[in-house]
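Undergrad: What follows is each chain in one-letter form.
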Amino acid sequence: MTEGVLIDKGKIESAGKMEEVVLIPIKEIDIKLEADVITPNSFAGKNAREIGNLPVWQGPETYPLSEFFEVIGSGGISAAETLIRIKGDAKRVKRIGEGMSAGKIEIEGSAGMHVGTGMKGGEIVVYGDADSWAGMEMTGGLLNIKGNAGDHVGCAYRGKWHGMKGGRIVIEGSARHQLGGGMDGGEILVEGNVEGFCGIRQNGGLIVVKGRALRGTGAEMAGGTIVIGGKIERFSPGFEYVSMVNSVKAGEVELIGEFKKFTGDYAISKRAKGVLYVAAEKNPEL
Amino acid sequence: MAGTIAVKNGYVFDPLNEIKGEIMDIFIKDGKVVRELSSAELKDAKVIDASGMTVMPGGVDSHSHVAGAKVNAGRSMRPEDHYKANLQKTSLTHSGSGYTVPSVYKQGYDYAAMGYTTVFEAAVPPLEARHTHEEMRATPLLDMGGYLVLGNNFFLMRYLKDGDMEKAAAYVAWMMKTHKTYGIKCVNPAGVENWGWGKNINSLDEANIHFEITPREVIKGLTEINERLGMPMPVHLHANNLGHPGCYGITRDSLKIPDGIKPRQNLDVEWAETKLDPARDRSVYLTHLMFNSFAGTTWGDCESGVKDIAGYVNNKDHVVIDSGCTPFGEATVMTGDGPAIHDLYTLTGNKWSNTDVEMECGSGVLPFTYLKSNPVHSLQWAMGLECLMLIKDPWKTIMTTDSPNGGPFTKYPEVMTWLMSEAFRNQTFSECHKWANDRSELGGVNRELSLYDLSILTRANPARTIGMVHRKGSLGVGADGDVTVYNINPQQLDANNYETLLRAFRKAEYTVKDGKIVAVKGEIVSLPEKRTYYSEVHVENEREKEMLADVKDWFRYYTLGFANYPTPEKYLENPTPIQVNGKR
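Chains A and B supply the protein sequences, listed in that same order. Read in order, the letters of the first sequence are residues 1 to 286 in our numbering. Read in order, the letters of the second sequence are residues 1 to 584 in our numbering.
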């Protein structure tokens, strides 16, 4: 699928001038922080001191954000006018951007678990890697991960069968297991590879993986589309071959290349409407 | 003085004393309602100014699932039920989480926030009695008790098949004492036993496997034993064939079985003063009528059969029902009716669990979401309300959601408001599938319940039905000092303004228990001790001995020893036995 072309209509419209808040990590973090306060929504309308006083949980205790970060600058009038820049590594900081509806967060290092969980709008850019559960159950906005991502990207919470509903996640590296589990809508694009059970129980939306995938791809999917550009190791048995196609167009994405089209997963429901495209050249045995 | 309080100038609704919104003062001394407080006592007493507000006895829920193995199975199989609904601990209260199956602490606080002080767990499998009591003990604030599941019990089915009513009654009496439970629950009589063999029962006269006993014989036997023993409450009956199109017929026929059995409640208790006769006058308490009232033959042509059953109940005096309303949204279905859960699994494909409780009963759990867009779910919403609207006498109905089966108890405010406001019902009709209107009678109902009716459905009648009027459900002298103050002025009540009602019911202005303020505007402010009620039923020693010889003989089929079977009193918080059929 080297010919893949992404027609990117999902650009976030800039809200014009943004006020920038810079967070500089000032110490090593041992127990991971629950920092769902780091969002444009909660920073908007606050000055550096007020932002520094926002509470974060660490284990059973709460501390002011300023205990861990130096805060420079003030939030904009609204979330949409607020840009948060984390200058450094935040891989032990969980839930950055949780539930945000507008504005932008740039993380110049790696992000901890649950970055962009439940985000409704706006944009997050992670220049490093993202730990597991990135974009869990997000409904809108753009989550761009320049490095690799962990397990459960755009997935449903444990026990739940409905994951990401809208928005877009772009991973420029690779991701691990259960990417897009229970996904209902939106798009996930992965430049690299994924591990097992990509798109498990998917109900809608689009997953594009340019690299290879391990077993269980699309297991129990009932709707939506998965495109795998590399080899699928151990193909799920519940899919049926439909035809060869030479391009895939789904949502706002168009991919050129020779694909084998399958539908399923019929392993459980005979009425499943999932569609799985795999690159023909990389999967000659299918 | 702790437990001494005056609730002044409120509009009081106390149906058991026929008080219909008169402005009155309620006095409570040392946790009990008294006629008046002396001026010295008044000086020390807490005073609530309830002027312009509605005052009712504390809420009594006679059917909820809040403790025990199946509730806990629901909690552990549903992490997704917990992550968004959580409660931070305070210096007074414990942390908690869960929406349809909250943790025990959250349950206690949530009930108290709505004005409820008494809640009964409606299904205790004997083998799970210890677990159930452990959870009830840990539930803060609420006075509680549990109904023992006996409709598919090996020992009882054998006795009933042999027609040995004496020993059957002795067994029930012994089981109540042994497991510290309060009344008889009967779930899918004779049918759950068949489920052990992958089958169910579909008619009242179909004999089950091995025991060769029919649902009719079980219902007849249990309702007779119930009165022979003078139990506080009627048999809580979950009829056969639940949740199937056309099931209303078997439900109506089941209700005919105990017609003619005379209620004979025999309690040795001190009764609170009430103007109405506090004694129970029903011989069967049908549970979650909505789930048992489908007409039609398939899910394609199903419709409400509530009208037919309501017609029967309107003409008879031996039946009381609770509704099992479905207020839309998330629920966790849990029942002793294993085959019903399997049917729901095949219908939905959702995750589920099923358990066989050796020699006694079964159980199943499944997450469920009631959607306004779904035709059957919309019909169920209408049917649940029909149960409470088409039966004319409010003393024959009790409001429940069979929590969390139809929806969590925290949705009671919605149900109360639908009952009181046609405008709110019309609003919901406009949002849900047209089957709600097309296939039920609800659209043609313009009855709007008064606050007095509502006080019957949520306090007086649940208490009277289960035999707790000696201390709950009224504000008569001698009753427990449990009071709810709602921020509703009955003089300015406008049922069209349903948002106001919803707000008032969601967070009671004050919840008072045993004369102590426990919640103010939904916030917990104190945690007085709670009690657990159970029936100590007396039978002749000789009968008990004969029966125990059989039980010990058959006990080898259990996986536990006889000595480990009983639930000791230490499992109960403030164990409060109620003497039944004689004195200790």
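These are calculated hints, taken from the structure and not from any lab test. Treat the hints with caution; some may be incorrect.
Claimed, not checked - Distance ranges between label pairs, derived from CB positions:
1) Pro-60(A) <-> Lys-583(B): 43 to 53 Å
2) Arg-447(B) <-> Ala-267(A): 25 to 35 Å
3) Ser-269(A) <-> Leu-371(B): 14 to 24 Å
4) Tyr-63(A) <-> Lys-46(B): 51 to 61 Å
As the list claims (entries may be wrong) - Derived pair list, reagent style DSS-like, types lysine-lysine, alpha-carbon separation capped at 27 Å:
5) Lys-165(A) <-> Lys-91(A)
6) Lys-84(B) <-> Lys-91(A)
7) Lys-199(B) <-> Lys-165(A)
8) Lys-262(B) <-> Lys-84(B)
9) Lys-220(B) <-> Lys-545(B)
10) Lys-46(B) <-> Lys-160(A)
11) Lys-275(B) <-> Lys-120(A)
12) Lys-220(B) <-> Lys-20(B)
13) Lys-120(A) <-> Lys-146(A)
14) Lys-270(A) <-> Lys-507(B)
15) Lys-316(B) <-> Lys-160(A)
16) Lys-372(B) <-> Lys-273(A)
17) Lys-262(B) <-> Lys-316(B)
18) Lys-146(A) <-> Lys-87(A)
19) Lys-256(B) <-> Lys-160(A)
20) Lys-32(A) <-> Lys-89(B)
21) Lys-220(B) <-> Lys-161(B)
22) Lys-270(A) <-> Lys-351(B)
23) Lys-120(A) <-> Lys-27(A)
24) Lys-273(A) <-> Lys-545(B)
25) Lys-521(B) <-> Lys-120(A)
26) Lys-199(B) <-> Lys-307(B)
27) Lys-177(B) <-> Lys-199(B)
28) Lys-91(A) <-> Lys-146(A)
29) Lys-307(B) <-> Lys-32(A)
30) Lys-270(A) <-> Lys-199(B)
31) Lys-161(B) <-> Lys-521(B)
32) Lys-17(A) <-> Lys-32(A)
33) Lys-160(A) <-> Lys-275(B)
34) Lys-20(B) <-> Lys-392(B)
35) Lys-46(B) <-> Lys-507(B)
36) Lys-165(A) <-> Lys-87(A)
37) Lys-392(B) <-> Lys-165(A)
38) Lys-275(B) <-> Lys-199(B)
39) Lys-545(B) <-> Lys-165(A)
40) Lys-17(A) <-> Lys-160(A)
Glycine residues also receive a C-beta, built at the ideal position from the N, C-alpha and C atoms.
Undergrad: Each of the hints needs a verdict: does it hold here or not?
TA: Here is what the structure says about each hint:
1. Pro-60(A) <-> Lys-583(B): 43 to 53 Å: holds (52 Å)
2. Arg-447(B) <-> Ala-267(A): 25 to 35 Å: Violated: the Cβ-Cβ distance is about 51 Å, outside 25 to 35 Å.
3. Ser-269(A) <-> Leu-371(B): 14 to 24 Å: holds (19 Å)
4. Tyr-63(A) <-> Lys-46(B): 51 to 61 Å: Given a distance of about 39 Å, which is not inside 51 to 61 Å, the answer is violated.
5. Lys-165(A) <-> Lys-91(A): holds (26 Å)
6. Lys-84(B) <-> Lys-91(A): holds (24 Å)
7. Lys-199(B) <-> Lys-165(A): violated (40 Å)
8. Lys-262(B) <-> Lys-84(B): Answer violated: Lys-262(B) to Lys-84(B) is near 49 Å, above 27 Å.
9. Lys-220(B) <-> Lys-545(B): Holds, at roughly 25 Å.
10. Lys-46(B) <-> Lys-160(A): Answer violated: Lys-46(B) to Lys-160(A) is near 47 Å, above 27 Å.
11. Lys-275(B) <-> Lys-120(A): Measuring from Cα to Cα gives roughly 58 Å; hence the hint is violated.
12. Lys-220(B) <-> Lys-20(B): violated (38 Å)
13. Lys-120(A) <-> Lys-146(A): holds (20 Å)
14. Lys-270(A) <-> Lys-507(B): Answer violated: Lys-270(A) to Lys-507(B) is near 47 Å, above 27 Å.
15. Lys-316(B) <-> Lys-160(A): violated (46 Å)
16. Lys-372(B) <-> Lys-273(A): With a Cα-Cα distance of about 24 Å, the restraint between Lys-372(B) and Lys-273(A) holds, given a limit of 27 Å.
17. Lys-262(B) <-> Lys-316(B): Between Lys-262(B) and Lys-316(B) the Cα gap is close to 13 Å, so the pair holds against 27 Å.
18. Lys-146(A) <-> Lys-87(A): holds (15 Å)
19. Lys-256(B) <-> Lys-160(A): violated (43 Å)
20. Lys-32(A) <-> Lys-89(B): holds (21 Å)
21. Lys-220(B) <-> Lys-161(B): holds (11 Å)
22. Lys-270(A) <-> Lys-351(B): The given pair, whose Cα atoms are some 18 Å apart, holds under the 27 Å limit.
23. Lys-120(A) <-> Lys-27(A): Measuring from Cα to Cα gives roughly 31 Å; hence the hint is violated.
24. Lys-273(A) <-> Lys-545(B): Distance of about 64 Å is beyond 27 Å: violated.
25. Lys-521(B) <-> Lys-120(A): violated (32 Å)
26. Lys-199(B) <-> Lys-307(B): The given pair, whose Cα atoms are some 30 Å apart, is violated under the 27 Å limit.
27. Lys-177(B) <-> Lys-199(B): Given that 27 Å is the threshold and the Cα spacing comes to 32 Å, the pair is violated.
28. Lys-91(A) <-> Lys-146(A): holds (14 Å)
29. Lys-307(B) <-> Lys-32(A): Distance of about 59 Å is beyond 27 Å: violated.
30. Lys-270(A) <-> Lys-199(B): holds (25 Å)
31. Lys-161(B) <-> Lys-521(B): violated (54 Å)
32. Lys-17(A) <-> Lys-32(A): violated (33 Å)
33. Lys-160(A) <-> Lys-275(B): violated (52 Å)
34. Lys-20(B) <-> Lys-392(B): holds (18 Å)
35. Lys-46(B) <-> Lys-507(B): Satisfied, since the Cα-Cα distance of roughly 21 Å is no more than 27 Å.
36. Lys-165(A) <-> Lys-87(A): The hint is violated at about 30 Å.
37. Lys-392(B) <-> Lys-165(A): Roughly 46 Å between the alpha carbons, so the hint for Lys-392(B) and Lys-165(A) is violated.
38. Lys-275(B) <-> Lys-199(B): violated (49 Å)
39. Lys-545(B) <-> Lys-165(A): Answer violated: Lys-545(B) to Lys-165(A) is near 64 Å, above 27 Å.
40. Lys-17(A) <-> Lys-160(A): Between Lys-17(A) and Lys-160(A) the Cα gap is close to 39 Å, so the pair fails against 27 Å, i.e. violated.
Of the numbered hints given earlier, the model fails hints 2, 4, 7, 8, 10, 11, 12, 14, 15, 19, 23, 24, 25, 26, 27, 29, 31, 32, 33, 36, 37, 38, 39 and 40; all others are met.
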